[in-house]
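Chemist: Same order as they appear, the protein sequences are chains A and B. Numbering-wise (my numbering), the first sequence opens with residue 1 and increments by one. Numbering-wise (my numbering), the second sequence opens with residue 1 and increments by one.
Rather than coming from a laboratory, the hints here were simulated on the basis of the structure. Owing to the predicted nature of the structure, the values given are computational and were not obtained by experimental measurement. A hint or two may mislead.
Selected chain B positions facing chain A (in silico; Cβ < 10 Å) [said to hold, decoys possible]:
#1 T14
#2 A30
#3 V63
Label pairs and their in silico Cβ distance ranges [to be verified]:
#4 A/V115 to B/L81: 32 to 38 Å
#5 A/E62 to B/M117: 21 to 27 Å
#6 A/R99 to B/L81: 35 to 41 Å
#7 A/A35 to B/D89: 35 to 41 Å
Covered by chain A, according to a simulated footprint, are these stretches of chain B (three or more residues, beta-carbon under 8 Å) [said to hold, decoys possible]:
#8 31–45
#9 50–62
#10 123–130
#11 135–144
Note that CB positions come from ideal geometry on N, CA and C, so glycine has one too.
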Amino acid sequence: MIETESTDLRSPWRWCLFLGCVCWLALVFAPPFAAPYAEVVRWLLHTVCHQIPERSFHLFGEPLAACHRCTGLYLGFALGVLVWPWLPRLAARLAGNPRWVAVFLIPIAVDWAIVVNTPASRFVTGLIAAFPVALLPLVAFTQRLNPIHTRNKKE
Amino acid sequence: MNDKLKAALVGGVTFGIASGLPYIGAVNMACCALYIGGGVLAAYLLIKDLPAQAQAPYRDGAVVGVLAGLFGGIASVITGLVAKALGYDPAAEMAATFQQFGMPMPEGIGVDPSTGMQLIGFVVNIVMYVIFATVGGLVGVAIFHKKEAPSD
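Isolated chain B (complex conformation) (with noise of 0.2 Å):
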């Protein structure tokens, strides 16, 4: 297995899992932490053995943050459905966390929506984490990147 596909396997299913859990995948609602941070991770795994660079390699961080989207997604969406095999119930755990800061459910997503829009849900699900996964990736990289001292 390449390097990349490592990397984007770890970080985005580390992440994915987390985000599909009860009670922590409620991190993602701060920004998509959990989804940023599958990238942010996947590009630190890719980095760390590399050699300093005189310039971060973005296009690498992009890939790999690509990849740890559509593998979080994935994992994050399998347990989802796992937990809720198991009774757990997101949109009950929403109305409890609302109304612990004492403000009002909003409208529409305490429904349990219809199979057909569980299924797009599981779509637009993976689409949200490819898309912030990149950007984790991106900001992974920067952080990260090991820079080449310059030379006389």
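Pulled out of the complex, with its shape left as it was, chain A reads as follows (with noise of 0.2 Å):
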């Protein structure tokens, strides 16, 4: 059996980590609600993302503060980091064949490379790419709690 089938992800630095992307995906949702300091939240955002209007969803008429597929990846990742340690068996696979979280990127990379994609298409594959990379922080996590029990063997 290898050790990571063992790995517990419900370590409580992951609400630390969750209330970061909680702060994050605010900021992406803000400027339909927070009107006077909308371009202070794209500006924040903008070495991050271009932001398109055309390529971002728009609330109340108002485009969020970065565009469909950087939302995709910011959900995916926020709702990884919430999931993930309720999933244990899938998460311990993963983890003990940690290659596959590049799997995960191909779909994100096919639409980017294609010209026709969507809005939908855009914001399902980031959603897709970023929702395992949770994983590896939370394992990261876990090697820093327990440090013996998930020490590697040297050669």
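Hints are included, so try docking the two chains, each in its own frame, into the full complex.
Modeler: This is the structure:
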């Protein structure tokens, strides 16, 4: 049995990470609700997203501060942080074969490469790409809290 | 210099300089590819000489990602300042890109910020770099980790 099969992802640190994700998502969704600060929020996030209005979701006629794809990525990551601790078997499988994380990046790469993509395809492929990535910091927290339990064997 | 610091320095500074360069830096608008790339490269450099292990060292990947983000963010800011001093105008480049795709320029982005806003921008840039390079470090460990063969 490999050690990852007994990894408990329910570290208290996950709530800090989830809180960070909620704050990040609050920034993304802020412009329609906080019009006076919308430009400041957009400016904060402009280095990590193109924010093209035609490629962003709109709420109350106002575009969000991130594009379809980035919104999918951020939501997928937050969802993953929340859900992975409740899927221990699946989490153990993925943590045991971490290269599978790269497989989930294929749809977003294909969607990015094809010319005719849609808002739904951009959002969903972002969601699919980020969901498994959220498992990795959770495992890192577990390794930090239980260094003896998860210590690797040296050659 | 320890291995983590060396890997983080090479990965972070390489992609940090790329982020601050004209045109190449715009790649970051595709899901922060260069920010994440810095972390991935740092994780690869850390892992390539490590022996096969039963479990991927995500903790080390996160640490090396944070460091790469810090170095990369600083390198990106310095490169951006040098490029600007040499006459490069990122707002004009962005406007040209948007025009090329027939899209309107988002409000506020093309406006030249004040010195105070520029300083805040530098700090924000470094924080963003740290966040995304950490994710890159974790992904790099997941991809490049050499798994130990199960013993009978």
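Chemist: For every hint, state whether the structure bears it out.
Modeler: Status of each hint after checking the structure:
1. Hint status for B/T14: violated, given a least beta-carbon distance of 18 Å to chain A, over 10 Å.
2. A distance limit of 10 Å between C-beta atoms decides the matter here; for B/A30 the minimum to chain A is near 7 Å, and the interface restraint holds.
3. For B/V63, the interface hint holds, since its Cβ comes within 10 Å of a Cβ in chain A; the closest pair sits about 9 Å apart.
4. Under the hint 32 to 38 Å, the C-beta atoms of A/V115 and B/L81, about 36 Å apart, fit the expected range.
5. At about 22 Å, the CB distance of A/E62 to B/M117 agrees with the hint of 21 to 27 Å.
6. Checked against the given bound of 35 to 41 Å, the beta carbons of A/R99 and B/L81, roughly 39 Å apart, stay inside it.
7. For A/A35 and B/D89, the Cβ-Cβ distance of about 29 Å falls outside the hinted range of 35 to 41 Å, so the restraint is violated.
8. For the region 31–45 of chain B, the stated coverage by chain A holds: 3 residues have a C-beta nearer than 8 Å to a C-beta of that chain, and at least 3 were required.
9. A stretch counts as covered by a chain when three or more of its residues have a beta carbon under 8 Å from one of that chain; for the region 50–62 of chain B and chain A the count is 11, and the coverage holds.
10. Check result for the region 123–130 of chain B against chain A: holds, 3 residues qualifying (beta carbon to beta carbon below 8 Å, three or more required).
11. Residues of the region 135–144 of chain B with a Cβ under 8 Å from some Cβ of chain A number 6, which satisfies the need for three, so the listed coverage holds.
Against the hints set out earlier in the document, violations occur for numbers 1, 7.
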